[in-house]
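Colleague: Each chain, letter by letter, is given below.
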Amino acid sequence: MSRYFKAKVTKNFPLDHKNHLLCIEPLESVVKPAPGQFFMISVSNAYDPLLKRPFSYFKKTSDGIHFLYAVRGKGTSLMKDLKHGDIIHLVGPLGNGYPKPGERSIPLLIAGGTGVASIFSLADELSQEAYFLQGAKCKDEFIMTDELKGLKSKPIMCMKCTEDGSFGGKGTVVDILKEFLASGSVHIGSCVLYACGPKGMLESIARTAHDYRIKGYVSLEENMACGFGACLGCSVKTVNGYKRVCKEGPVFPIQEIEW
Amino acid sequence: MDLTVTIGHIKFKNPVMTASGTFGYGEEYAEFVDLNKLGAVVVKGISVRPMEGNPPPRICETPCGMLNAIGLQNVGLKNFLNEKLPYLRKFDTKLIVNILGNSLNEYVTLSKSLEDAGVEGIELNVSCPNVKKGGIAFGTDKKALAKLVAKVRQSVKKALVITKLSPNVIRINEIAKIAEEAGSDALSLINTIPGMSIDIETWKPKLAHMTGGLSGPAIRPVAVRMVWEASQAVNIPVIGVGGIMNEQDAIEFFLAGATAIQVGTANFINPKATSDIVNGIEEYLKRKEIYDIKEVIGGLNAKSYNNPND
Numbered sequence: 001m002s003r004y005f006k007a008k009v010t011k012n013f014p015l016d017h018k019n020h021l022l023c024i025e026p027l028e029s030v031v032k033p034a035p036g037q038f039f040m041i042s043v044s045n046a047y048d049p050l051l052k053r054p055f056s057y058f059k060k061t062s063d064g065i066h067f068l069y070a071v072r073g074k075g076t077s078l079m080k081d082l083k084h085g086d087i088i089h090l091v092g093p094l095g096n097g098y099p100k101p102g103e104r105s106i107p108l109l110i111a112g113g114t115g116v117a118s119i120f121s122l123a124d125e126l127s128q129e130a131y132f133l134q135g136a137k138c139k140d141e142f143i144m145t146d147e148l149k150g151l152k153s154k155p156i157m158c159m160k161c162t163e164d165g166s167f168g169g170k171g172t173v174v175d176i177l178k179e180f181l182a183s184g185s186v187h188i189g190s191c192v193l194y195a196c197g198p199k200g201m202l203e204s205i206a207r208t209a210h211d212y213r214i215k216g217y218v219s220l221e222e223n224m225a226c227g228f229g230a231c232l233g234c235s236v237k238t239v240n241g242y243k244r245v246c247k248e249g250p251v252f253p254i255q256e257i258e259w
Numbered sequence: 001m002d003l004t005v006t007i008g009h010i011k012f013k014n015p016v017m018t019a020s021g022t023f024g025y026g027e028e029y030a031e032f033v034d035l036n037k038l039g040a041v042v043v044k045g046i047s048v049r050p051m052e053g054n055p056p057p058r059i060c061e062t063p064c065g066m067l068n069a070i071g072l073q074n075v076g077l078k079n080f081l082n083e084k085l086p087y088l089r090k091f092d093t094k095l096i097v098n099i100l101g102n103s104l105n106e107y108v109t110l111s112k113s114l115e116d117a118g119v120e121g122i123e124l125n126v127s128c129p130n131v132k133k134g135g136i137a138f139g140t141d142k143k144a145l146a147k148l149v150a151k152v153r154q155s156v157k158k159a160l161v162i163t164k165l166s167p168n169v170i171r172i173n174e175i176a177k178i179a180e181e182a183g184s185d186a187l188s189l190i191n192t193i194p195g196m197s198i199d200i201e202t203w204k205p206k207l208a209h210m211t212g213g214l215s216g217p218a219i220r221p222v223a224v225r226m227v228w229e230a231s232q233a234v235n236i237p238v239i240g241v242g243g244i245m246n247e248q249d250a251i252e253f254f255l256a257g258a259t260a261i262q263v264g265t266a267n268f269i270n271p272k273a274t275s276d277i278v279n280g281i282e283e284y285l286k287r288k289e290i291y292d293i294k295e296v297i298g299g300l301n302a303k304s305y306n307n308p309n310d
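Going down the list, the sequences are from chains A and B. By the working numbering, the letter at position 157 of the first sequence is numbered 157, and the numbering carries on one by one without gaps. By the working numbering, the letter at position 3 of the second sequence is numbered 3, and the numbering carries on one by one without gaps.
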């Protein structure tokens, strides 16, 4: 079993105008990914683009390992053109993953944009009462997959919102989170936040967590070269000095990050 | 099949080494590569005190390469000796420690401590382009370089003194000669090339530090040229580094005059690159029916060419 392995592309299709789903079947045994971990994926066998790209682990089925990605630049543009049967290289699973919530805690899962993949990987393993808040700018940008619909069978209450109100509640996930906390629907002392999404969203959540004195975790992203802790390129400033997002992270306690 | 090469009094089992800064202190690669298979492990540069490095973003991709402005983040001498060295000593490979300092005294302190700890070689970082102190003054100033190399040479008896040169000079052959005359056992070149990248949507530099060091396949022709020029100018071994991705690239450097090579950025794309290259060199020699790597070193017949830069 190696964390550097070859895989075959089994599925690669658009979910909407920007977001895509990739599924790969490893051609050798791989370590079982834990919620919150990620993989480095090669988008090209040529020297340009040179580096692999990091993507959160979404889900593993008999079809293989699934990833959600948005087409943003050179690398992801090439990724969307990968075809069924293409052979690519990956490194992973990498990173620390989300700490498992205690039995008596109430997880508040918060996802923005493609962060939903990482948060889903955690939600999928929970069997306790939990709340899943998912947000986007507008209906067009709201990612919804069959997997996410499948959460309905669990004691997880899903709340959706868009900034312009075109789908779900009106506001950002942080607005919905604050309303929810202020509503008294849950015992705040038992809540633990888990958040993954754009940096601005995570910073707002950190402020809210501080104001309500709630513990929690954020999953960060940073430019990566190696993804496995050697190059120190992905370092983030914490109260304990620089930490590697790929190794000591990507999941960090909210209060440790120096925003 | 003889892959051994000799630098100073040290015989290396093969000419493949890791490039400083790309291999951490070895541990991160142990799950991918059998470290016993490598000629040498060259670790991340060590300073006397720990250094925390630059603010992010520290890296960005560029065509066929990448820029880095890590900022020499390292655990410092004490932690290296106590935590990292014992792990590395478990493996049957030569250990070369890259060192950097702000003053001659710091280089001497590092060299002496590391020699006492038994490392086989010390690589002098005089060329890292990423911090205002940390070596750049030495590498591009001929007098300072000579003084530094001579001082380190004086302070160690057994360990190899390898001077790592910057490409940021006009005449590499002159710098190479100075480093040789001052007492280097070998030279390693090239370090990264200063570069920059700008985000056209935000109008900001892609690196927080503004500039960084360019590495990867993009720099290989520059490195091959400089290895050739340096090895023509000196009698000591030259270790070639710069964009080596596979054994074909490595052979190019041997032909240009390199006695050994270092593999750097390639490790990020293929964590097994170093051991794949050892295997690849063997395959190449078999195919060419050559049984000693030393027959390839300096194999480029350049006698009939004039160097326009002379």
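I should point out that these hints are in silico values taken from the structure, not numbers from a laboratory. Check the hints yourself; a few may be wrong.
Claimed, not checked - Straight-line C-alpha distance at most 30 angstroms; calculated DSS-like pairs for lysine-lysine:
(1) Lys286/B <-> Lys80/A
(2) Lys206/B <-> Lys199/A
(3) Lys206/B <-> Lys247/A
(4) Lys170/A <-> Lys11/A
(5) Lys90/B <-> Lys243/A
(6) Lys243/A <-> Lys206/B
(7) Lys78/B <-> Lys170/A
(8) Lys247/A <-> Lys286/B
(9) Lys286/B <-> Lys243/A
(10) Lys286/B <-> Lys237/A
(11) Lys37/B <-> Lys137/A
(12) Lys78/B <-> Lys60/A
(13) Lys6/A <-> Lys294/B
(14) Lys18/A <-> Lys206/B
(15) Lys18/A <-> Lys204/B
(16) Lys32/A <-> Lys37/B
(17) Lys74/A <-> Lys78/B
(18) Lys237/A <-> Lys37/B
(19) Lys6/A <-> Lys37/B
(20) Lys83/A <-> Lys286/B
(21) Lys152/A <-> Lys147/B
(22) Lys204/B <-> Lys199/A
(23) Lys6/A <-> Lys286/B
(24) Lys90/B <-> Lys137/A
(25) Lys84/B <-> Lys74/A
(26) Lys84/B <-> Lys32/A
(27) Lys78/B <-> Lys247/A
(28) Lys272/B <-> Lys8/A
In this text the structure is predicted, and so the values were computed from the model without any measurement.
Colleague: Now tell me, hint by hint, if it's right for this structure.
Modeller: Against the structure, the hints:
1. Lys286/B <-> Lys80/A: violated, 41 angstroms
2. Lys206/B <-> Lys199/A: holds, 17 angstroms
3. Lys206/B <-> Lys247/A: holds, 23 angstroms
4. Lys170/A <-> Lys11/A: Since the Cα atoms of Lys170/A and Lys11/A sit roughly 34 angstroms apart, the hinted pair is violated (cutoff 30 angstroms).
5. Lys90/B <-> Lys243/A: This hinted pair holds, its Cα atoms lying about 27 angstroms apart.
6. Lys243/A <-> Lys206/B: holds, 20 angstroms
7. Lys78/B <-> Lys170/A: With Cα atoms ~56 angstroms apart, Lys78/B and Lys170/A exceed 30 angstroms; violated.
8. Lys247/A <-> Lys286/B: Roughly 40 angstroms between the alpha carbons, so the hint for Lys247/A and Lys286/B is violated.
9. Lys286/B <-> Lys243/A: Violated, at roughly 45 angstroms.
10. Lys286/B <-> Lys237/A: Cα-Cα ~50 angstroms, so violated.
11. Lys37/B <-> Lys137/A: With a Cα-Cα distance of about 52 angstroms, the restraint between Lys37/B and Lys137/A is violated, given a limit of 30 angstroms.
12. Lys78/B <-> Lys60/A: The given pair, whose Cα atoms are some 44 angstroms apart, is violated under the 30 angstroms limit.
13. Lys6/A <-> Lys294/B: violated, 35 angstroms
14. Lys18/A <-> Lys206/B: holds, 24 angstroms
15. Lys18/A <-> Lys204/B: The hint holds at about 25 angstroms.
16. Lys32/A <-> Lys37/B: holds, 29 angstroms
17. Lys74/A <-> Lys78/B: violated, 43 angstroms
18. Lys237/A <-> Lys37/B: With a Cα-Cα distance of about 36 angstroms, the restraint between Lys237/A and Lys37/B is violated, given a limit of 30 angstroms.
19. Lys6/A <-> Lys37/B: holds, 23 angstroms
20. Lys83/A <-> Lys286/B: violated, 37 angstroms
21. Lys152/A <-> Lys147/B: violated, 72 angstroms
22. Lys204/B <-> Lys199/A: Answer holds: Lys204/B to Lys199/A is near 17 angstroms, not above 30 angstroms.
23. Lys6/A <-> Lys286/B: Holds - the C-alpha atoms of Lys286/B and Lys6/A are around 27 angstroms apart, at most 30 angstroms.
24. Lys90/B <-> Lys137/A: violated, 54 angstroms
25. Lys84/B <-> Lys74/A: violated, 38 angstroms
26. Lys84/B <-> Lys32/A: Holds. Lys84/B to Lys32/A sits at ~29 angstroms (cutoff 30 angstroms).
27. Lys78/B <-> Lys247/A: holds, 23 angstroms
28. Lys272/B <-> Lys8/A: Measuring from Cα to Cα gives roughly 20 angstroms; hence the hint holds.
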